[in-house]
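Given chain E, work out where chain S should sit, using these hints.
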Amino acid sequence: MGEYEPTIIAFVCNWCTYTAADLAGTSRLTYPPNVRMIRMMCTGMVDPKYVIKALLEGADAILISGCHPGDCHYINGNYKARRRVKLLKEILPRFGFDERRLKLTWIGASEGVDFAKTIKEMVTEIKELGPNDVREQMVL
Amino acid sequence: MAKTAKIDVKEQNLLTALRGFFKALLEDGDMEALLVPQHLPMKNVVMPTLVTDPEKSNTADPLAPVFPMNAAKMVSRLTRRPVGGRIAVVLRPCEIKAFIELVKLKQGSMDEVILVSMDCYGTYGNVDYTRFAGDDGADASLRFYENVVSGKGTAWEDIDISPACKACEHPVSESADLQIGMLGVDTKDHLLLKAMTGAGEDLLEKLGLPEGEEPEGRKKAIEDLVSDRVAYRDKMFEETSEATSDLNKLTAYLGNCVNCYNCRVACPVCYCKECVFVTDVFDHEPSQYLKWAKRKGLIKMPTDTVFYHMTRLAHMSTACIGCGQCSNACPNDIPVMEIFRTIASYTQRAFDYEAGRSLEEEPPLSVFKESEYSEVTGGKD
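Protein chains in written order, with the numbering used here: chain E, 838 to 977; chain S, 2 to 382.
Next up, chain E with everything else stripped away, as it sits in the complex (with noise of 0.2 Å):
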């Protein structure tokens, strides 16, 4: 066997993060592949549930990537995102997730740089972390 190869989920905003990982795209920059992309119009319509179930289905980590605070597109979107990953933070260590399964970052259109080394950087934390022991169980 290889080595573990962590599947990170990204929900990533329409207007910044998103923009920054095509930037980091067609500026030839590389990161690892473990990261699973779904472009959403704005962080602010990231329900914890979207969170919990990627989780339960045992996704290694949870990636939520606006745009910086005063940037968002639709005003507050971004702040009210903070407030739902604050939440899911109280939650999910409590029934044995570590608290950094999931991460919060705000990355605007011109970081590409930025959204490159973030993801290589999660990669390293989460590999170190090992694999969410869920897809071990039966849970659905």
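There could be a bad hint or two in this list.
Claimed, not checked - Listed below are several chain S residues computed to face chain E (Cβ distance under 8 Å; list not exhaustive):
id, residue
1, Leu51
2, Thr53
3, Leu248
4, Leu251
5, Thr252
6, Leu299
7, Val307
8, Phe308
9, Leu314
10, Ala315
11, Ile344
12, Thr348
13, Leu366
14, Thr378
15, Lys381
16, Asp382
Just so you know, the hints here were simulated from the structure itself, not pulled from any lab data.
Since the model is a prediction, treat every value here as computed from it, not as a measurement.
We put the beta carbon where it would ideally sit given N, CA and C, even for glycine.
Then chain S, alone, in the frame of chain E:
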């Protein structure tokens, strides 16, 4: 202006005294209607009733140790739009807290209601109550109260008040307009009636009841009861945390769940008209189940039980007022209230919020600030 009055109790019958007071509320208090739990004639059950005829509140029984549903939901139905007159609603402290949450969630209004609360000694589960009440519910209520006051406690045979009530640190409502006090009051003689708001004071004046005084022992009696309950609650938090500390344990804890969603229906603060869990989103393709099963060799059916409860915790735990109706409604005796209150204690503390405490505090997920909780983004604003 008198802030406290008393309701005289004759021949030690609290129910007669309370019924007299309710009648007076309708007759002299300028109330269009009264929402009060009553024994229904067709069957000895206690249900909230909306009364407009003063003569028809004669089986009212807010002392009955049962609440088949959290009546905040009924008050929400009555106040979602102007109802056309003032209504006095007689509620338990947890029902008032639930109603406060609903008002903040725009599911009701305080404009036309007068909240009347009773000190609450706890309630039995619905099924237990039927057995306890036997043929004469009113008599059973007095028997329950008598046992509590005489120090025999709340248990009867193998029945006791629900864990939610044992863990309830709010036996007395601080948010009602009128508080009917029993704790620390000489109820052989009278009940305490205390106005907590301007509207409550106005009403007291209209009713022209004899002036009363808050007895010295009341504060201590409340504190003693609360401290017992807090001790029970904290022990419950500890045990529940331990019983659900990882996903395997959580799965076992919720193992009996059959996705009936009774807990959601019974929950007073779960207010969505259409819950996502009953929409097409969860009408999975038949082949999808096979795919899931093949991935691990087997899956539990029905699926999504843990997912459902975790999602409800995320959606509703900040509004959980701890009434325990979720556990009451569970057909398989899953300790739903225990896990909800345990998680709610963390989520509400995280936002420095207490569900049902005050109309002024905004529900944590309905507001935000430009700069806050920088720890969730690794210190970056």
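For each hint, the structure was consulted:
Hint on S/Leu51 is violated. Least Cβ distance to chain E is approximately 36 Å, over the 8 Å limit. The closest approach between the C-beta of S/Thr53 and any C-beta of chain E is roughly 43 Å, which is over the 8 Å cut-off, so the hint fails. Satisfaction of the interface hint for S/Leu248 is found here, the shortest Cβ-Cβ separation to chain E being roughly 5 Å, below the 8 Å cut-off. Proximity of S/Leu251 to chain E holds as hinted, the smallest CB-CB distance being about 5 Å (cut-off 8 Å).
With a least beta-carbon distance of about 5 Å to chain E, the hint placing S/Thr252 at the interface is held under the 8 Å criterion. Hint on S/Leu299 holds. Least Cβ distance to chain E is approximately 7 Å, under the 8 Å limit. Restraint check, S/Val307 versus chain E: the minimum CB separation of about 5 Å is within 8 Å; hint holds. With its C-beta approaching chain E no nearer than about 5 Å, S/Phe308 sits inside the 8 Å limit, and its interface hint holds.
Given hint, S/Leu314 at the interface with chain E, holds; its Cβ is 6 Å from that chain's nearest Cβ, closer than 8 Å. Below 8 Å, beta-carbon pairs count as interface contacts, and S/Ala315 has one with chain E at about 4 Å; its hint therefore holds. With its C-beta approaching chain E no nearer than about 6 Å, S/Ile344 sits inside the 8 Å limit, and its interface hint holds. The interface hint given for S/Thr348 is met, as the beta carbon of that residue sits about 5 Å from the closest beta carbon of chain E, less than 8 Å.
At its closest, the beta carbon of S/Leu366 sits 6 Å from a beta carbon of chain E; the interface hint therefore holds under the 8 Å criterion. Proximity of S/Thr378 to chain E holds as hinted, the smallest CB-CB distance being about 5 Å (cut-off 8 Å). Because the smallest distance between the Cβ of S/Lys381 and any Cβ of chain E comes to about 6 Å, under 8 Å, the interface hint for this residue holds. With a least beta-carbon distance of about 6 Å to chain E, the hint placing S/Asp382 at the interface is held under the 8 Å criterion.
In summary, the structure is inconsistent with hints 1 and 2 from the numbered list given earlier, while agreeing with the others.
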